[in-house]
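Next come the chains, spelled out residue by residue.
4 protein chains.
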Amino acid sequence: MSDVNGVARDQLRAFVERIERLEEEKKSIADDIKDVYAEAKGVGFDTKVLRKVVAIRKQDQNERMEQEAVLDLYLHALGMVPAPEEE
Amino acid sequence: MSDVNGVARDQLRAFVERIERLEEEKKSIADDIKDVYAEAKGVGFDTKVLRKVVAIRKQDQNERMEQEAVLDLYLHALGMVPAPEEE
Amino acid sequence: MSDVNGVARDQLRAFVERIERLEEEKKSIADDIKDVYAEAKGVGFDTKVLRKVVAIRKQDQNERMEQEAVLDLYLHALGMVPAPEEE
Amino acid sequence: MSDVNGVARDQLRAFVERIERLEEEKKSIADDIKDVYAEAKGVGFDTKVLRKVVAIRKQDQNERMEQEAVLDLYLHALGMVPAPEEE
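Residue numbers (the UniProt record's numbering), protein chains in the order written: chain A, 1 to 87; chain B, 1 to 87; chain C, 1 to 87; chain D, 1 to 87.
In short, the hints are calculated from the structure, not lab data.
A hint or two may mislead.
Same chains, same label: a pair holds when it works inside one copy or across any pair of copies.
Unchecked claim - Once the Cα atoms are required to be at most 20 Å apart in a straight line, the calculated SDA-like pairs of lysine to any residue come out as:
| id | residue 1 | residue 2 |
| --- | --- | --- |
| 1 | Lys-52 | Leu-71 |
| 2 | Lys-27 | Arg-51 |
| 3 | Lys-48 | Arg-13 |
| 4 | Lys-52 | Asp-31 |
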């Protein structure tokens with residue numbers, strides 16, 4: 001019999017093993033991603049910026065443009081960016 | 001006049017400064033917490049366990065006891081803890 | 001020619017696409033893990049505890065036992081657990 | 001006597017209570033910060049952008065300008081921004 005105090009031992013073990021296998025795969029892919037960034041760095045790319053590029057590509061581009069415009073406005077109001085030309 | 005392209009410059013600056021002041025205070029208290037842990041470590045306490053104690057005290061204790069009981073059951077079913085006595 | 005202001009356009013695009021493909025795979029495996037937990041929940045397992053089991057299996061078991069012993073000591077000192085039997 | 005199995009009960013309790021008091025203060029300031037953002041939102045500011053402004057002000061501004069320049073280069077190379085004027 002496979003129950004321990006009402007816990008289906010084999011079923012529990014199977015779930016745990018499936019999760020562990022998937023977590024290993026996930027970890028392995030996360031390592032691959034790090035390797036690609038390292039490779040990009042090795043040929044001269046700025047990986048911090050590269051990460052930002054990847055993040056930006058996930059965003060809605062219209063929404064992003066609008067946010068950048070509001071950001072410029074705020075930074076300008078705070079004197080944190082040079083005034084736009086011809087103002 | 002205090003508007004820059006419709007942004008109320010003084011109001012914006014006031015919000016930013018209030019947030020920055022509060023964030024400094026928050027940072028300062030976070031540093032104090034680290035100091036208390038360092039002091040506890042200095043007189044021999046295990047700070048990893050101390051953090052766990054603090055976390056446990058935030059939990060509902062009945063709920064915690066129930067979860068610990070289920071955890072024991074699962075670990076036992078997986079052969080990860082010695083069998084309870086007299087079984 | 002594939003350079004834009006000194007940026008190797010094709011190389012950049014290749015890196016970005018490799019990263020995006022890997023991130024999709026990672027996301028897909030993360031979804032699979034969620035599905036396994038959902039399935040375990042569906043047959044009656046406590047997924048919060050199941051997550052803890054998976055985390056515990058990653059730890060060094062001797063270290064874990066030691067930490068649990070210290071935790072019991074601290075909780076006991078604070079009157080947060082019933083005194084051990086026969087004291 | 002104040003020791004329980006070698007744990008200085010009063011000292012442990014004092015540390016825990018100091019930590020809990022500081023954590024409450026930290027939580028209270030975090031709530032204050034949320035309130036300021038809510039107030040800013042209430043008078044029409046975009047709080048997502050406001051958070052970004054606060055983050056930008058923490059950065060080294062020269063470093064930030066350089067990173068923005070590299071980002072523009074990469075986005076441009078990927079055809080993700082309109083070409084700069086007069087190129």
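Tested hints:
1. Lys-52 - Leu-71: both (17 Å within a copy, 8 Å between copies)
2. Lys-27 - Arg-51: both (18 Å within a copy, 16 Å between copies)
3. Lys-48 - Arg-13: For Lys-48 and Arg-13, only the inter-copy Cα distance (16 Å) is at most 20 Å; the intra-copy one is 41 Å.
4. Lys-52 - Asp-31: within (19 Å within a copy, 24 Å between copies)
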